[in-house]
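Undergrad: Model the full structure from these sequences, guided by the hints.
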Amino acid sequence: EDQVTQSPEALRLQEGESSSLNCSYTVSGLRGLFWYRQDPGKGPEFLFTLYSAGEEKEKERLKATLTKKESFLHITAPKPEDSATYLCAVRRRDFGNEKLTFGTGTRLTIIP
Amino acid sequence: KAGVTQTPRYLIKTRGQQVTLSCSPISGHRSVSWYQQTPGQGLQFLFEYFSETQRNKGNFPGRFSGRQFSNSRSEMNVSTLELGDSALYLCASSQTQGTSNEKLFFGSGTQLSVL
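Chains Z and H are the protein sequences, given in the same order. Each residue of the first sequence is one higher than the one before, starting from 1 at the first, in the working numbering. Each residue of the second sequence is one higher than the one before, starting from 1 at the first, in the working numbering.
Check the hints yourself; a few may be wrong.
To be verified - Simulated pairs of lysine-lysine, PhoX-like, Cα-Cα distance not exceeding 20 Å:
| hint | chain 1 | residue 1 | chain 2 | residue 2 |
| --- | --- | --- | --- | --- |
| 1 | H | Lys103 | H | Lys57 |
| 2 | Z | Lys99 | H | Lys103 |
| 3 | H | Lys1 | Z | Lys42 |
If you are wondering where the hints come from, they were derived from the structure by calculation, not from laboratory data.
TA: Written as structure tokens, this is what we have:
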């Protein structure tokens, strides 16, 4: 069974304090790993898609990386507006059916 | 360009009732998928519709059903509500279906409370 585990569950950082969020997965035939950001009371907002080990993508203070077993979301010099829940999801093909499995997220709080 | 619109925003029902939720995708998007989000289970995939046909289905009982109209708008129905159905129901749209989906655009969801 597909498993997506995100750690830590919650993370509090001082403004400017860099850190990384982890998403480990067990799935055969990965067809994409996605990162989303979710603010309270809103739906998830797309950040990145990674397809193969070694791939990296950046957007402002965020950088996502992918290995064969996990993905990291690195946040550099975060600001209070980066506070949100960060979700990762993996997609694979299952007997002709596309299957997208989400982790339960990391709740990130940036303290001014 | 308007985003994904879900109505109603909040809903309170009692056990045994049924409920219908609505989703209007971004203009030009033909794929609509539905997710249930709870604190303990996170986001779980319900089903995906493309061109008025269900293309993918998650592991939810038959009480959960959906449909898509010719204008790509979608509805989700839950019959015989149970307490455990209390959740945030999210709709997401995309231009294409399945493996072609680079990303999903989510609405703000319908918060359903079952009493």
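Undergrad: Out of the numbered hints, which ones does the structure contradict?
TA: none
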